[in-house]
Amino acid sequence: MSVYRDVSATISVHGLVKVYRSRRRRLRALDGVDLEVGPGEVFGLLGPNGAGKTTLVKIVLGLTRPTEGAVRIRGANPDHASARLKVGYLPEGHRFPGYLSGVAALRLFGRLAGVTEGVLDSRIPELLDLVGLADRGCDRIGRYSKGMTQRLGLAAALIDRPEVLLLDEPTDGVDPVGRRHIRDVLLAERERGTSILVNSHLLSEVERTCGRVAILDRGRVVREAAIDELTRGGLRFRVRAEGGVVEPATPVPGVGLTRCNGYLDVEAESLDALNALLDALRRDGRLLTEVTPLGSDLEDVFVKLVGGGQPPTPRAAGGGAQ
Amino acid sequence: MRTWALVVDTWREALARKTLLGFAGASTLFLLTITFALDLDIVQGSLAAATLFGHPLEMHGGQVAITDVVTGGLSAFAGLTYGLGIFLAVFATGNQVPNLMRRGTVDLYLSRPVGRAHVLLGRFLGGVTVVAANLLYLCGGLMVIVGLKTGVWEARFLLAALLILVVFLSFLGFMYLVGVMSGSTPLSVMLSYGLWVVSMPLAAHDKIAAAMDSRVSVAIVNGLYWVLPKTAELGRDIVRLVLHQGAPGAAALATTTAFGAVCLGLAVTLFQRKSF
Numbered sequence: 001m002s003v004y005r006d007v008s009a010t011i012s013v014h015g016l017v018k019v020y021r022s023r024r025r026r027l028r029a030l031d032g033v034d035l036e037v038g039p040g041e042v043f044g045l046l047g048p049n050g051a052g053k054t055t056l057v058k059i060v061l062g063l064t065r066p067t068e069g070a071v072r073i074r075g076a077n078p079d080h081a082s083a084r085l086k087v088g089y090l091p092e093g094h095r096f097p098g099y100l101s102g103v104a105a106l107r108l109f110g111r112l113a114g115v116t117e118g119v120l121d122s123r124i125p126e127l128l129d130l131v132g133l134a135d136r137g138c139d140r141i142g143r144y145s146k147g148m149t150q151r152l153g154l155a156a157a158l159i160d161r162p163e164v165l166l167l168d169e170p171t172d173g174v175d176p177v178g179r180r181h182i183r184d185v186l187l188a189e190r191e192r193g194t195s196i197l198v199n200s201h202l203l204s205e206v207e208r209t210c211g212r213v214a215i216l217d218r219g220r221v222v223r224e225a226a227i228d229e230l231t232r233g234g235l236r237f238r239v240r241a242e243g244g245v246v247e248p249a250t251p252v253p254g255v256g257l258t259r260c261n262g263y264l265d266v267e268a269e270s271l272d273a274l275n276a277l278l279d280a281l282r283r284d285g286r287l288l289t290e291v292t293p294l295g296s297d298l299e300d301v302f303v304k305l306v307g308g309g310q311p312p313t314p315r316a317a318g319g320g321a322q
Numbered sequence: 001m002r003t004w005a006l007v008v009d010t011w012r013e014a015l016a017r018k019t020l021l022g023f024a025g026a027s028t029l030f031l032l033t034i035t036f037a038l039d040l041d042i043v044q045g046s047l048a049a050a051t052l053f054g055h056p057l058e059m060h061g062g063q064v065a066i067t068d069v070v071t072g073g074l075s076a077f078a079g080l081t082y083g084l085g086i087f088l089a090v091f092a093t094g095n096q097v098p099n100l101m102r103r104g105t106v107d108l109y110l111s112r113p114v115g116r117a118h119v120l121l122g123r124f125l126g127g128v129t130v131v132a133a134n135l136l137y138l139c140g141g142l143m144v145i146v147g148l149k150t151g152v153w154e155a156r157f158l159l160a161a162l163l164i165l166v167v168f169l170s171f172l173g174f175m176y177l178v179g180v181m182s183g184s185t186p187l188s189v190m191l192s193y194g195l196w197v198v199s200m201p202l203a204a205h206d207k208i209a210a211a212m213d214s215r216v217s218v219a220i221v222n223g224l225y226w227v228l229p230k231t232a233e234l235g236r237d238i239v240r241l242v243l244h245q246g247a248p249g250a251a252a253l254a255t256t257t258a259f260g261a262v263c264l265g266l267a268v269t270l271f272q273r274k275s276f
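Top line first, the protein sequences correspond to chains S and X. Letter by letter, the first sequence follows residues 1 to 322 of the numbering used here. Letter by letter, the second sequence follows residues 1 to 276 of the numbering used here.
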């Protein structure tokens, strides 16, 4: 029987273990990781420093050998070069050879990807334009800023119109405008049906681009779920009323209330309890202006899971993260 | 296409690091000196007089047959190029593998649909073409200039350049092995020079072994002689080849080539197994 849960998955990782050995110690960078990224899915990989995110991505690409476990990328063993056909990769902290210009780098990595010269002639200017480097393409990479090399890295990852993209900290060192630009490129790739695995510290970026995430901590997946599922709150609401709102004169059973800056944060046991509270406030003569369901943002969930188990702070659902 | 990309990349790297320009500049300067500063006066197939930068060169023993002058001069130059050329070529190419294996760079190359052996051998081929082109430019240029000036066309000089290239390939294979194992440019270069220094006196392995008491030491010396490149013998063979004194020794050539091939094979095997 196959160890893979979904044979159609673009990326399948099963029972992955990676142990780094040195003379003095053994470091278990990955400890039994199971993951699957479906076709056309944008999957986020989150975790604190040293959680094993980059190791996982490198194993998926065949750059690092796993100690145990099985990995498939579009059904193929990543040790085989052919498995990396139509796979784009933006490594963390990548260093293009400084002696190349942006154009020469794209041509080199395009040729290595098997793209023909004719296609490269049209694809390179198109990509430089896409990542905002059209006017710097002939400059040596050694003269590029960090953000520019990051954009060039993204262009190189897209050179052969990949069907799978693996991006390790794609917005690292990029200014907010550039981050938005990169996000737009990723969203366009998602529309094209590209499967994307994003490894990022910027939770807001992940929240905006990914459909599903896995949170890694000390080499293990501590949570894997859809973003909506992770950030969905329980029966928690924020209630506002004209002139501010205070607790009702008559206590209402089944609700927990926290007053703050003129509004009430409500944690209700049921919708009936919530409605009983609203009725009580109306009886007290309060003119209600807003009842908003609250969710947790991804950062709250992340901190709760990997940062010592502090309870998440409520926030208005749909609000921006970070 | 992919091999071509790797070869072009190696040339770009050599150009950017001024290696190629340095080689070409030094070679051009030398060739220009020979072309314009050396004036030969040949009378009935013999060298009657010669001047360098206008200063007469002393001709001991009167007139000398021009063929002897050419073969003598070219053989001396071949011997010089052998030592100096390999020294410079090792220095110029020692960073090839460590540069490729730099964190953040190796990922860019190996994440493409191209095998690791292909990447490493593509760069090896690039390094070989850079050094071969320089040798061809220097030795071919010198042969043409001397040929035009004297009418003596010494094609064996190009064969000598080919032999120099074979010895360099052996050293390049060794540097690739050290580079893959250590990722260090200084170590690759220093160990290659060390290999040269150790292999040179091994030409006298019989005499060294005869002076030893321990059978183990004798076995080690003889073993090293057969395993390591035959730098001294091949240097002597290169000079003899140009002087028409015989072909290079097959055993020396074969073991030197085998050493480089085994080192390169090990480098590829280790590179394929390595985690980045």
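Hints are computed from structural coordinates only; laboratory data are not their basis. Backbone N, C-alpha and C define an ideal beta-carbon position, used for all residues, glycine too. Treat the hints with care, as some may be off.
To be verified - Examples of chain X residues lying across from chain S (beta carbon under 7 Å, computed):
1. T3
2. A5
3. W11
4. E13
5. A16
6. D107
7. L110
8. A254
Hint-by-hint comparison with the structure:
no. : hint : verdict
1   : T3   : violated, 10 Å
2   : A5   : holds, 4 Å
3   : W11  : violated, 11 Å
4   : E13  : holds, 6 Å
5   : A16  : holds, 3 Å
6   : D107 : holds, 4 Å
7   : L110 : holds, 6 Å
8   : A254 : violated, 33 Å
Hints 1, 3, 8 from the list above are not met by this structure, while the remaining hints are.
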